[in-house]
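Protein chains in written order, with this note's numbering: chain A, 2 to 223; chain B, -10 to 619; chain C, 12 to 467.
None of these hints come from the bench; they were simulated from the model.
Take the hints with a grain of salt, since some may be wrong.
[As the list claims (entries may be wrong)] Now the stretches of chain A that chain B is said to cover, found in silico as 3 or more residues with beta-carbon under 8 angstroms: (1) 28 to 37; (2) 45 to 54; (3) 141 to 154.
[Unchecked claim] Here are the simulated DSBU-like pairs of lysine-lysine, each with C-alpha atoms no more than 35 angstroms apart in a straight line: (4) C:178 x A:75; (5) B:449 x C:86; (6) B:477 x C:199; (7) C:340 x C:245.
Glycine residues also receive a C-beta, built at the ideal position from the N, C-alpha and C atoms.
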Amino acid sequence: MSTATAAATHDDHEHVHYTTTGLDNRKIAVWAFIGSECMLFASLISTYLIYKGRSRVGPFPHETWTSPTGEVFKPILNIPVTSASTFVLLMSSLFMVMALAAVENRGKPGYGGLKGNSKFWLATTALAGTVFLGFQAFEFTSFVHEGLKITTNLFGSSFFTLTGFHGAHVTVGVLWLLTLLAIDMKRGLTPKDTLVVDICALYWHFVDVVWIAIFTLIYLIQ
Amino acid sequence: MTTYASSAPEQTGIWSWITTVDHKRIGTMYLFTALFFFLFGGLEAGLMRVQLARPNQAIISAEMYNQLFTMHGTTMVFLAIMPLSAAFFNYLIPLQIGARDVAFPRLNAFSYWVYLLGAVFITFPIFFHIAPNGGWFGYAPLTTNQFSPGANIDFWVMGLQILGISSLAAAFNFITTIINMRAPGMTLMRMPMFTWMSFIVQFLLILAFPAITIALVFLLFDRFFGTAFYDIAKGADPLLWQHLFWVFGHPEVYILILPAFGLVSEILPTFSKKPLFGYNVMVYSGIMIGFLGFGVWAHHMFAVGMGAVADTLFSMATMLIGIPTGVKIFNWIATLWGGQIRFVTAMKFAIGLVGLFTIGGISGVMHSSPPADLQQTDTYFVVAHFHYVLFGGSMMGIFGGIYFYFPKMFGRYMDEALGTWHFWLTFIAMNLTFFPMHFSGLLGMPRRIYTYDAGQGWEKFNLASSLGTLLLIIATAIFVINFFKSRKGGLPAPQDAWGAATLEWSIPSPPPEYNFARIPIVTSRSPLWDLKHPEMSSGAAHADADPVQVASANAVPLREETEHHTAAELGIPMPLNTVKPLLTALGIVIMFSGLMFIHLDHFALAMAVSLSGAALLIGSLYAWLFSPLE
Amino acid sequence: MPGKHLRRLPAALVVAVAALALAACGDQYPNTTFTHLTDLNTATDALWNRLLLLGTIVFVFVEVLLLVTIFKFRKRPNSPAPKQVHGHALLEITWTAIPALILVMIAIPTVKTIFKTQAKAAAGSLQVEVIGHQWWWEFRYPELGVTTANELYIPAGRTVNFALKTKDVLHSFWTPNLGGKRDLISNKTNYLWYTPNADIADQVFNGFCTEYCGSSHANMHFHVYTVSEGDFGKWVDHQKTGALGSPIAATPVMAASMPGMPGMKRDAKVAAAPAVNTAVNTAVNTAVNTAVNTAVNMAADSGYVFPVGKIPAHTIPSTPLPTGEREVKFDDTLLPNGNAVAGRELITSMANLGKAPCLTCHIVKGEMTMMGLTDNSASGPNLTHFGTRHTIAGGIYRSDAKILARWLKNSRLMKPGSIMPTLGTGELDPQSGKKLAAGLDDRQIADIVAYLMTLK
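The following block holds chain A by itself, in its conformation from the complex (with noise of 0.2 angstroms):
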């Protein structure tokens, strides 16, 4: 689906139409995408709450577990590291705040230097993106090495489904930042592109809060 909706995002009309509500198509299908996003992952975290303390062996996000055989496994989630890459996405939001302010605002005064620089800030937010993703990664593999896989239980289940997702979500994004950055390095981004990197903006940052809800609902939340 997401595939559809970048299709739709650039199927591009390369002059200016009419439109009823003078808003871009583009602009009115990502928020129609973003909507039935919403029932995505309200879906991925509704299972998984549903799910919680339903599992009939651990490990356990929160609390210990001793198996039968008198293994004790300690709770899994990884708070204060989470908490890190949480501030890393956040701050992937603030670049891209400022990658399409640099690209709207290209060649008006107060936009020189770094501020106007939207390479860099493309660049990144990308940047925030992949390492969010390599926390990820390293929060996946330390959690197979504690003994849970998405298949031992029901926590593992609905829990990598659902940050898995999400990941899939920021990666993405992540393909869509350094689409626009070699854009921008081919030909350069202009304030005529403003729409080109709203847009992207809009799904990256329903991405991040998409995360908050995640990281309070089930980090958080015991």
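Since the structure of chain A is already known, use the hints to place chains B and C on it.
Here is chains B and C on its own, set in the frame of chain A:
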């Protein structure tokens, strides 16, 4: 006025269809494909009714029967009725709102190709006796590997996933189209009722499909990667599937019926020579139905033991839906009241919907009451109920829509004599097939059984249903004959074939590729009617269009377009034909198909196929995004 | 022209529908849901009657209004141009309010009935555990120590509280005559209770699985026998015992020779019961045929079995034996000479377990059990009193030697998807597509049939 011949498409040949991005051509392809699958699903039903005509028959094996009823449901819902509605969305929405195409023409082509490939993917296994066999709502844990180890359910899971992509992409497209592509003056409350109902349906689609997408992702992961979502031994709750499925499944019912309601709301006023009665209330009741539709899913689950409080809440919410639905029925009758009714075939089907859907609505209210529902659910009574809704409702509306819009699409009328035969045979056969099912259900016959014992009191009802099905197949054959005969040899139709009120009838039949030579300015709900019958339009609300919009769209007051020019002559930029949406769709299907090899223990092959599909997907997507539209 | 059709056809349809509806009240509809045989169904039917009445009123009103409208306002020559009416607020409010009112009239009794029928079952109710299996029913009476399959005995006049569970996929428990259904959900226990009227003793009711559960969903039936309290007590006393009539003491040597084998034990208490011993001795000492007859008589004396003569025709399954390529061929002349002692030897002797591993899935109380098999771990029906049952194979076949023989030989042809393996030598197993090389010959099957039929 007779301009049918003047607007022959410039492009011909198979390649022009494969690469087309014209919403009318895509709508036509949807129509043909969906009609094919409608016939296919009907034949599946015919085979089932042969088996059930008499007790204790062994014409069809249990395994085959289970595949047939699963595929009949899946086919009719996902491959026939939804895409038939999509055919009308595609063809009509831009014409009704005064637009030259949909918002994203290439995405529109993509939706069609994904639908076609997904439909083939989910259908072909039946020829190898490995079709999905878990029922159209595929309840876990029956659909997990433990109880359904074969490939059958894999085809179903992935097929629905693929088809979901098509529906969602189309829904984003139409939402944008309706919000953003309306002609100046075409305010939301001036939109034709079909466009309104379609608008509501698109929101149902984008909000309901994610739930089934996730339910299917869980099932796919369970089946291929051993996750625990529906694994009973790991403590799973099988009701998770049911809740996710019906959170989608109930809005899906309105996704199937609202477009037909919209079509009927176009047909009834036209052939009564009166405007739709209570337009505003019709809009609000449609919105109410859509909104309440998200709060009633668990009425499919009264037998699962949710407890008295939940049963009560879902029961009350379900009864509430009866109110806006009833309002629609009465408003339609009021539209007819005082009119000058012409009984053309389209009108017969539309009136048929009003009469037959009422029966499905009443039986629906009957099982909104949980204690009564417990005697009815999963029996033939329910089968009767939803066929009155989906055949008596959706299909009657769609048939009416086809007869009504055929002249617009092909420039010729369908044959009225054959149409009359088609209607009456369908009407009789439909009642003969489905009405007795009320009785067999209330008299104890469970649904989804491939055989039943003699002496249970069900023989005559089943025989009647089977004879009815035979008749229904004959009726449908008449329709098919009429369709193809009229396409080439029907009476030529003028652009305003029926004396209707809305914009699509102001342009030639079939419409030129650009639809409107000049974007029209809309000042009321019935622009064409007002133009042609200024003396009768008194009382209709008129208001001028926003001058800024008029200027921006370079719009002109509505006139009847009779001349045909090419887009180039008129200087209208048209989207370029492209094969990239098809390649992208193909990439998706190949990517999913690769997974099938995991079950055959060819992990490397699976990865190879899936990755090449993904490569094709990403490659053609980028090529698509970086090539200009026009 | 079409207008004329339009007038006649619906009228004919209404007449046809009314005729069908009238016909539906006759007694040729044995599985009707419109009964007052239990408190549950009486409550449901009262609600249903209101739904039907209001539904019919709405139906007639709407359809008549529609027909009158299209007749009255059909296009005629010189009919005047219609008045362009766009709506009427008062009318629209009216037809919003009236359906709302009708729905309130439905909602109130609905809510009352929901809370009444879903309250906890009264204390002292008979507890029955219903356990769904692909594709048969297990019924346990936990307070009484009785386990049976596909045939449910309940005392008329006493509330029965069903605890519904499933061993595999979802099923649904439904006896149309007695009340609404409830699903059997994995990892969950559902409850359903009703009180059969005191005056419906000695009746039999059909039950069905109504949640699609795989290949043989259509073949998952059960039967409910309502009996008097007295008969119920006798039935329970009898069902509690070990397998009456089994030639159980005939092979004391074997029993003595393997007391220490792991996972296997004789139920000494049952084997020692005098009634059993007598029955067993009788059975062994006479010809097998006589033994069976004796056992039948004895079972009838010492316990209660629903009398064959009182079973109504519609509850006797008439499923035909499969024909054509699904036919199971069996030499029926072997059946009268089946040797119950040899049959027992076949299914209890370790030497034969590869061929006839009945006791790895089935329990015959009184016989040894394999690997500590219990009701909870047994995957097939409990066969202890198999001979007292009127049906086999999930209630789709009569319990009859000829049918049973074919069932044992190749159950998978008799019931699609059957989990019980194909046992006859040379038989094609439709699930694996392979021929069974080493299995049972017809004589051995006849012996096992003879043995099973003695399990009164």
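Quiz prompt | Hint numbers not upheld by this structure, sorted from lowest to highest | solution = As far as the earlier hints go, 5, 6 and 7 are violated by this structure, in ascending order.
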